[in-house]
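Visitor: Same order as they appear, the protein sequences are chains X and W. Each residue of the first sequence is one higher than the last, beginning at 1251 in the numbering used here. Each residue of the second sequence is one higher than the last, beginning at 1251 in the numbering used here.
Calculated from the structure, these hints are not laboratory results. Mixed in with the good hints there might be a few duds.
As the list claims (entries may be wrong) - Each computed DSS-like pair below joins lysine-lysine, with the alpha-carbon atoms no more than 30 Å apart:
{"#": "1", "chain 1": "W", "residue 1": "K1281", "chain 2": "X", "residue 2": "K1343"}
{"#": "2", "chain 1": "X", "residue 1": "K1322", "chain 2": "W", "residue 2": "K1343"}
{"#": "3", "chain 1": "W", "residue 1": "K1343", "chain 2": "X", "residue 2": "K1406"}
{"#": "4", "chain 1": "X", "residue 1": "K1406", "chain 2": "W", "residue 2": "K1348"}
{"#": "5", "chain 1": "X", "residue 1": "K1406", "chain 2": "W", "residue 2": "K1370"}
{"#": "6", "chain 1": "W", "residue 1": "K1348", "chain 2": "W", "residue 2": "K1281"}
Each chain, letter by letter, is given below.
Number of protein chains: 2
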Amino acid sequence: MTRSLVALFAIAAGSFATAVTLAATADTPAKSPLYGVTVPEGYRHWEFIAPAHETPPLDELRVVVGNDIAIKAYREGTLPFPDGSILVKLAWKHVQSKEFAPAFVPGAATTVQVMVKDSKKYAASGGWGFGRFVDGKPVDLAQHQTCLGCHKANVKDHDLVFTRYAP
Amino acid sequence: MTRSLVALFAIAAGSFATAVTLAATADTPAKSPLYGVTVPEGYRHWEFIAPAHETPPLDELRVVVGNDIAIKAYREGTLPFPDGSILVKLAWKHVQSKEFAPAFVPGAATTVQVMVKDSKKYAASGGWGFGRFVDGKPVDLAQHQTCLGCHKANVKDHDLVFTRYAP
């Protein structure tokens, strides 16, 4: 009987610890491997910088938005982007409109990708930290190891940022 | 001599009148034919609702933004859209990125298209006024006569508005 009670308490305590851990996980934004970048709160309300269309295999429509620091830098042509700049790229499947055949519109959401400028913290990666998220969870380390190389190899004279401002 | 002076004054007065007319034109936003819709001030700062891709012949990338009334209606699923809702569609040529071949990005800006909800003023057109602008100037009457018919014929159960909210 005593043993059973101890066992019951142990199970209860275990459940409680699990519950506490889960709550902490839900409240703490998930961080990208390598960079520790999180999905910034309220980004869906930020101003857009430009849309894009990525052909298959990804086959996506995209919109890049920026926080106030990033938007100001774009408008004033400030390069490099100042510390505190955050860019978020939203992406959806590129799906034909059911109402108007020549148009393609957003289907299911795919990834959310984030770039954060912090010239000290991210000195080793050109001042930028990267994060790629699916359903709010960061993708794996291997994928994050590809961000910098691709931006470095392809972006020309724009502080590692592909997206230009669409007037 | 007196005649010359009178002539000079007449020319000066004429120039002044022309200058005043030009200034008035510059300050007064151009109105679309049929609906009297103008391009709303500050729309480039508005939140985006969704991007779209229009295949050739138009061959465009687009982003639809909305004022606060329209955005609130989208978020809360309010239909029909309340009076005061304004939607603006920005469009650019769909151009291959010079830095990343699978991506298409905004080229030259093409049209700005506006829908304004006013159920009394626009009672005859489902509560919506339409405006299509190129370089800030409305296109002709014939083009504006096509807006309502196309929206009416194609949009299903969404208050004549094609664009749905991209999460």
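Visitor: Each hint needs a verdict: does it hold in this structure or not?
Guide: A quick look at each hint next to the structure:
no., hint, verdict
1, K1281(W) x K1343(X), "violated (36 Å)"
2, K1322(X) x K1343(W), "holds (25 Å)"
3, K1343(W) x K1406(X), "holds (21 Å)"
4, K1406(X) x K1348(W), "holds (9 Å)"
5, K1406(X) x K1370(W), "violated (52 Å)"
6, K1348(W) x K1281(W), "violated (37 Å)"
Consistency with the previously given hints fails for numbers 1, 5, 6, ordered from lowest to highest.
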